[in-house]
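Chemist: Could you slot chain A onto chain P? The hints should help.
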Amino acid sequence: MTETHTPQLIDPDVIGGSPEEPRLIGSVCARCGTVTFPRQRSCPRCTSEDVQARELATRGELWSWTIQCFAPKAPPYLPGGVEEFEPYGVGYIELPGEVRVEARLTESEPDRLRIGMLMDLTLIPVPGAPDKLTFAFRPACQEDE
Amino acid sequence: VSGGGDVAVVGVGIHAFGRHDGVTGLEMGAIAARRALADVGIAWQDVDFAAGGSDAAGNADTSVSILGLTGVPFINVKNGCATGGSALTTAHAMLVSGAAEVALVVGFDKHPRGAFNPLPEEWGIGSWYGETGLMLTTQFFALKIQRYMAEHGISDSTLAKVAAKAFENGARNPNAWRRNPLTEEEILGARMVNHPLTQYMFCSPGEGAVALVLARGSRIRELARVPVYLRSVAFRTRRFGSFEVFSPSIPIESAPSATTEAAAAAFEEAGIGPGDVDVAQIQDTESGAEVMHLAETGLCEHGEQEALIQSGATELGGRLPINTDGGCLACGEPIGASGLRQVHEIVLQLRGEAGERQVPKACRVGFTQVYGAPGVSACTVLTV
Chain P
3 MTETHTPQLI DPDVIGGSPE EPRLIGSVCA RCGTVTFPRQ RSCPRCTSED VQARELATRG
63 ELWSWTIQCF APKAPPYLPG GVEEFEPYGV GYIELPGEVR VEARLTESEP DRLRIGMLMD
123 LTLIPVPGAP DKLTFAFRPA CQEDE
Chain A
332 VSGGGDVAVV GVGIHAFGRH DGVTGLEMGA IAARRALADV GIAWQDVDFA AGGSDAAGNA
392 DTSVSILGLT GVPFINVKNG CATGGSALTT AHAMLVSGAA EVALVVGFDK HPRGAFNPLP
452 EEWGIGSWYG ETGLMLTTQF FALKIQRYMA EHGISDSTLA KVAAKAFENG ARNPNAWRRN
512 PLTEEEILGA RMVNHPLTQY MFCSPGEGAV ALVLARGSRI RELARVPVYL RSVAFRTRRF
572 GSFEVFSPSI PIESAPSATT EAAAAAFEEA GIGPGDVDVA QIQDTESGAE VMHLAETGLC
632 EHGEQEALIQ SGATELGGRL PINTDGGCLA CGEPIGASGL RQVHEIVLQL RGEAGERQVP
692 KACRVGFTQV YGAPGVSACT VLTV
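Order-wise, the sequence lines are chains P and A.
Under this note's numbering, read the first sequence as residues 3 to 147, first letter to last.
Under this note's numbering, read the second sequence as residues 332 to 715, first letter to last.
Next comes chain A alone, as it looks inside the complex:
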């Protein structure tokens, strides 16, 4: 299959996720970049455009001081959890326009332990919001899934099954952080963080880096062993009426989420429907996010998740394997890296190189979705 302006991922590289004392985020990014270049068999000098970002670990473009001062145009992006998706959007646009032939995209991060502590002033809200105790991403996800469970009949058991699957897949992924399988009972019985979500239903801020090499046109066949075509990448911010993180109020009138709109745009641009997807990576900041994003992306109907997840359809051997690398739950959340980790995993799955966690059925179409504060989403459709 080819198309989408003929842009393909021709190389991938990753620095293991987790905790890595003594190595900076920037260094992890450079390591991932070198691995991606080695995966293609090209040098840094062969890259004619780069984009990248981190949320908390420095300016991506300063990695040229590690990789080499080649004069390459390098654009920094910073878009919360959608940072990787934004970097990919930028590189994709440069390649489609013909302004570049071979592009590198890199995302990395390094966060301190514990929950994020964003400042309301940086999000356009008064300090009263933080002092009152409302400036927490975990609250948002809990409030959103609590309402969703009541409206769509989702059980606590289903939330636990999402996390159990993540750790099961993470155990098979050498680059994951959490590699110990946990039972549904252990997950439900763990410390409550924000009702209805327990400790093991949330991902933790962590560290890691991912890089991708993309190429266009005739360069694809020259460079790639197995080209994985980037059929579309779509990025959206929120509309009036969508329920997003850090909202002191939400309108009574509701609207599709940024994810819903980004996913629909990605599928339309690719000319591929959600029903054609063989394997997907979707934002699982916590168990409920995977449940809700499954329907927001169009991969199932609202309310259908209960039966889908209980039946095992989203496990490695199921009809629609989701977050085959363990997702954010098992890999942790280095904000700048997560979106590209999803693409990295889809590339491995479509190439048939995912090792112990390779999906057993034939996979030709992959999908990714990242979501971040304060209501941004980026989705991709990839094919072989």
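One chain only, chain P, in its complex shape:
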């Protein structure tokens, strides 16, 4: 018998699809079309409660970025994440026509980040919980652009 490790998504209400093809789950308002992330039960713009889940685009433009240079405190970070801390990028990615999503970036070198660059959704291990996956955005490959 072989033991298989299927990594768990950090929160199935936030990330859907499969580990190979993840999708962020947001919501869209049936009345005014506003897209939110994560999924909300009511629309923050028009207050309607008629909102549905929606899988968000997986590619967008970097709207702003920073590098997290110090380890966050645990909680809310995991203790293991504090131990293995390395500076990481954080940004907002504008998904065209939808919403700007805050995410970790796989890139942590300031010189390789610029506002407007194309970014793709990916998964990374949760810091301090390697069996769990969370979402991040990585620079789109040049041939993809």
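Just so you know, these hints were derived from the structure itself, not from any lab.
Note that the structure is predicted; figures quoted are calculated from it, not measured.
Even glycine gets a Cβ: it sits at the ideal position worked out from N, Cα and C.
Take these hints with a grain of salt, some might be off.
Said to hold, decoys possible - Restraint-style ranges between C-beta atoms, simulated for each label pair: (1) A:Ser458 <-> P:Glu51: 23 to 29 Å; (2) A:Gly484 <-> P:Pro98: 24 to 30 Å; (3) A:Val557 <-> P:Gly118: 50 to 56 Å; (4) P:Cys48 <-> A:Ala481: 29 to 35 Å; (5) A:Glu632 <-> P:Arg116: 22 to 28 Å.
Modeler: For chain A alone, kept in the frame of chain P given last:
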């Protein structure tokens, strides 16, 4: 000048900001309250309404067990960094309505060292947000100023100048925490915290307390040496489309910030424009916040900050002195106390009692703005 329903700050008291081992936040609040009462020359028994709060140092109303059990109605508020502004809003409303004649407002706090570690569950977000490493106020400010700098041509040098000014002013303020001036080069060369913001461009959670005594109508002239009229106080939460702290997403459609709306409402209620302001205290959680809030409050146009700050206009001797007591950068951030510290400083400046950091020009109109998570702001206009 009088007006605004004739409410005035008639007394102020402060407990020094910084680190104070062996004294609780609540005790600091009571010390500030006694100093404010002494500044007016009245007793705790003369206060017929009180409001106050802290974020992490206990319930303000329990200070009655230190100050005395007079039966006074005492409302606790808790509104993040806008806690002091909310307490002031509450007291102002009670005075304007005639429900009280003399009110005490107190704000205090005592935070452990290092960055704040709020829990996402308390802010309506899943634990995934914190575990992923996104639940940090410093990230928000860095992301906001990074975008703002690109859109409005703000330089790293300007961020450093804001911090250098804060420490310069803090050096002249005996109640400030950081009292050593730093050069622009030292600030830019310091440890990076969140690009583009270095260690000395951020305020640190700290300790401290401030209290104000307010009065209405005929009580003002009886009590105050130099009344400083509270012409308006306006408090707002965020609207859809504003970019605020702890946002897993932000809409592409943009809207004015809570600060923009609170400031506009405060100026309108006071019947005074941003161009009339002689001296202002605005939320400088980090250097970029002062830059952005300058324009959000209407004190300048977006993009104008670069020339304004580089020219020295926001320094003590400039056209528009900002954060004359050193702001959050030099005083630190005891959440519950900061909003009232701003008003305390404006009162001293308008009375001409700010000592070594007194603005040299004549000041008749002051303005304050606090901002806090998850998108709250309170602004005041004060005049003599």
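Chemist: All hints, please: hold or fail.
Modeler: Results for each hint:
1. One distance hint, 23 to 29 Å for the beta-carbon pair serine 458 of chain A and glutamate 51 of chain P, holds here, with the actual separation near 25 Å.
2. Between glycine 484 of chain A and proline 98 of chain P the beta carbon distance is about 26 Å. The supplied range of 24 to 30 Å therefore holds.
3. Checked against the given bound of 50 to 56 Å, the beta carbons of valine 557 of chain A and glycine 118 of chain P, roughly 53 Å apart, stay inside it.
4. Judged by the Cβ atoms, the range 29 to 35 Å given for cysteine 48 of chain P and alanine 481 of chain A holds: they are separated by roughly 31 Å.
5. Restraint check, glutamate 632 of chain A to arginine 116 of chain P: a C-beta distance of roughly 26 Å satisfies the suggested window 22 to 28 Å.
The structure shown violates none of the earlier numbered hints.
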